[in-house]
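Visitor: Once you've looked at the hints, dock chain R against the given chain U.
There are 2 protein chains.
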Amino acid sequence: MGAALALAARGRGRTAPNPNVGCMLVNGSRVVGRGWTQPGGRPHAEAMALAEAGAAARGAIAYVTLEPCAHVSPRGPACASSLIDAGIARAVIAITDPDRRTNGKGIEALQAAGIDVTTGVGEADARRTIAGFLRRQAWGRPQVTLKLATSLDGCIALASGESRWITGPEARAHAHLERARHEAILVGRGTLEADSPRLDVRLPGLEDRAPRRILLSTRAAEDWTTIAAPEDIATLDGVDHLLVEGGAQTAAAFLRADLVDRLLLYRAPVLLGGKPGLADLGLTSLDAAHGRWRLLDTRMLGSDRLEVYERART
Amino acid sequence: MGAALALAARGRGRTAPNPNVGCMLVNGSRVVGRGWTQPGGRPHAEAMALAEAGAAARGAIAYVTLEPCAHVSPRGPACASSLIDAGIARAVIAITDPDRRTNGKGIEALQAAGIDVTTGVGEADARRTIAGFLRRQAWGRPQVTLKLATSLDGCIALASGESRWITGPEARAHAHLERARHEAILVGRGTLEADSPRLDVRLPGLEDRAPRRILLSTRAAEDWTTIAAPEDIATLDGVDHLLVEGGAQTAAAFLRADLVDRLLLYRAPVLLGGKPGLADLGLTSLDAAHGRWRLLDTRMLGSDRLEVYERART
Numbered sequence: 001m002g003a004a005l006a007l008a009a010r011g012r013g014r015t016a017p018n019p020n021v022g023c024m025l026v027n028g029s030r031v032v033g034r035g036w037t038q039p040g041g042r043p044h045a046e047a048m049a050l051a052e053a054g055a056a057a058r059g060a061i062a063y064v065t066l067e068p069c070a071h072v073s074p075r076g077p078a079c080a081s082s083l084i085d086a087g088i089a090r091a092v093i094a095i096t097d098p099d100r101r102t103n104g105k106g107i108e109a110l111q112a113a114g115i116d117v118t119t120g121v122g123e124a125d126a127r128r129t130i131a132g133f134l135r136r137q138a139w140g141r142p143q144v145t146l147k148l149a150t151s152l153d154g155c156i157a158l159a160s161g162e163s164r165w166i167t168g169p170e171a172r173a174h175a176h177l178e179r180a181r182h183e184a185i186l187v188g189r190g191t192l193e194a195d196s197p198r199l200d201v202r203l204p205g206l207e208d209r210a211p212r213r214i215l216l217s218t219r220a221a222e223d224w225t226t227i228a229a230p231e232d233i234a235t236l237d238g239v240d241h242l243l244v245e246g247g248a249q250t251a252a253a254f255l256r257a258d259l260v261d262r263l264l265l266y267r268a269p270v271l272l273g274g275k276p277g278l279a280d281l282g283l284t285s286l287d288a289a290h291g292r293w294r295l296l297d298t299r300m301l302g303s304d305r306l307e308v309y310e311r312a313r314t
Numbered sequence: 001m002g003a004a005l006a007l008a009a010r011g012r013g014r015t016a017p018n019p020n021v022g023c024m025l026v027n028g029s030r031v032v033g034r035g036w037t038q039p040g041g042r043p044h045a046e047a048m049a050l051a052e053a054g055a056a057a058r059g060a061i062a063y064v065t066l067e068p069c070a071h072v073s074p075r076g077p078a079c080a081s082s083l084i085d086a087g088i089a090r091a092v093i094a095i096t097d098p099d100r101r102t103n104g105k106g107i108e109a110l111q112a113a114g115i116d117v118t119t120g121v122g123e124a125d126a127r128r129t130i131a132g133f134l135r136r137q138a139w140g141r142p143q144v145t146l147k148l149a150t151s152l153d154g155c156i157a158l159a160s161g162e163s164r165w166i167t168g169p170e171a172r173a174h175a176h177l178e179r180a181r182h183e184a185i186l187v188g189r190g191t192l193e194a195d196s197p198r199l200d201v202r203l204p205g206l207e208d209r210a211p212r213r214i215l216l217s218t219r220a221a222e223d224w225t226t227i228a229a230p231e232d233i234a235t236l237d238g239v240d241h242l243l244v245e246g247g248a249q250t251a252a253a254f255l256r257a258d259l260v261d262r263l264l265l266y267r268a269p270v271l272l273g274g275k276p277g278l279a280d281l282g283l284t285s286l287d288a289a290h291g292r293w294r295l296l297d298t299r300m301l302g303s304d305r306l307e308v309y310e311r312a313r314t
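In order, the protein sequences belong to chains U and R. With this note's numbering applied, the first sequence covers 1 to 314. With this note's numbering applied, the second sequence covers 1 to 314.
Same shape as in the complex, but just chain U (with noise of 0.2 Å):
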């Protein structure tokens, strides 16, 4: 399950409206086939590594990370069905599709054909996995991540402005991975004036991966979308994971909202003494501010550490 939700990963941020999603087929001890979500959401994981494993696929365990769909399309048979007809003798899948047209019924499909189903294998990584996918499901609007890249004391810029460069390459060239694994980014109308920032994805390999550019402002801009209010993020079509990027003012704006679902944290062994990475949160008691962050992950990136942060009450 380890390694299908390691193929789910590759899709994140190219599959919407579709979830990210992973597969992998095992006959006896040998994998026979490997899957994941194809940008723009065809073929599904199940589908691609079905055709890899041809009539290998004659009782192998399937391993996936959401549970199969049991709705035919125009795209495509249900997948249900695929992975019945290639004759798979188990499946284990991580969680249930909340999606209506599905939602057990491809688990009940599998088993009514005589199929060993498992489920819950993974749950809490699958989770994270597509949490775009769930996050637009249950709350109708896009998985949220605010970017901070600060100084030892919170800051992101000197009190002149000068802000490039703050934490070193290696951070920068994981923000941009970062980058990769989201449909949208949003920065704020003073970023767009202070930094003119492209927003593109500096990676060899990656740089076709242009996410969307999203301006959070009152007034549009030529080429890019334009939203009034962190709310309006339930209204961007085909986003369902928006990075959000700059400034101190958006980030609070989204933090106030409480629209902020993870918390990319990059800080550089600098003191500044400069400007703060958050405007005013509004908050009138620290207990309100207590116990909304989890750690999920740290980690050094050069002489910068990365923290990582999810949501604690969802």
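These are calculated hints, taken from the structure and not from any lab test. Among the clues, some could well be false.
What the hints assert, rightly or not - Output of the computed footprint for chain R on chain U, the stretches with three or more beta carbons under 8 Å from beta carbons of chain R:
no. : stretch
1   : 54-67
2   : 159-169
3   : 272-282
4   : 288-296
Claimed, not checked - Below are the BS3-like pairs computed for lysine-lysine, each with C-alpha atoms no more than 25 Å apart in a straight line:
no. : chain 1 : residue 1 : chain 2 : residue 2
5   : R       : Lys275    : U       : Lys147
6   : R       : Lys147    : R       : Lys275
7   : U       : Lys275    : R       : Lys147
8   : U       : Lys147    : U       : Lys275
9   : U       : Lys275    : R       : Lys275
What the hints assert, rightly or not - The following residues of chain U were derived to be distant from chain R, with all beta-carbon distances above 12 Å:
no. : residue
10  : Arg10
11  : Pro43
12  : Val121
13  : Arg181
14  : Arg198
15  : Leu265
For each residue, glycine too, the CB sits at the ideal point set by N, CA and C.
Guide: Coordinates of chain R only, in the frame set by chain U:
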């Protein structure tokens, strides 16, 4: 030597103007004596270890974190002579004593008595353990540690001023332990008036550790030693380790004067968008901020993270 360094650390903050030294006497496979500089500076670590070892010191190896002193004082004999008289076979020494009354003479005396001497073992850690003594010897001022307890975004209070508590009980207990390792604690006028801090050591068994209370201010205050500028720390007799606790103006004043040698950053997993932990440092370029701090240690304290940095340029 690791054990001797741990013994040396016990005296930190209570031996000024003497260095806090550790000594282990090992005879064959048996530890026969352990000593560390006692509060006030006497007895020395070697004297304590020799008293414990008695006749078992004959033929032993002495592990000492600092070169044994070579000068007789009214308060006791020179440790080099005591080790020779006790008949030790070998001495392993981390660093030589920069005090001009010793500075190699202790090692010479041992060698002249036919004792095998090895130096430089555990040198980097030994320098950190007696950083206060070395700083006073070389720079004529105490070792300065700046403590900051902040949110993830570097704030020390809400906009309303509320600051209790950002970090949790484990981090606060650790900060109290750090107080016990310093001869004096300094705050600024703003912190004095806002918080009336007690600056005591609220840990079971350590309540008697009461570091001197220093105020950075142009006006005197009752029960406080007052200095007008960060540079005046050089005048604080009997203070080899100074802990700077707040607030943002005071921290910035010490950083601007390049008088901070060590950073203790306690960070709680909260976002505040409130009062920054550091006032303006007056930096004119980011280049000037980089390369100053080296990460020495990091650990979790409950749900908070402690990071310890040290001056990278010495």
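Visitor: Which of the stated hints cannot be reconciled with the structure, identified by number in ascending sequence?
Guide: 1 and 15
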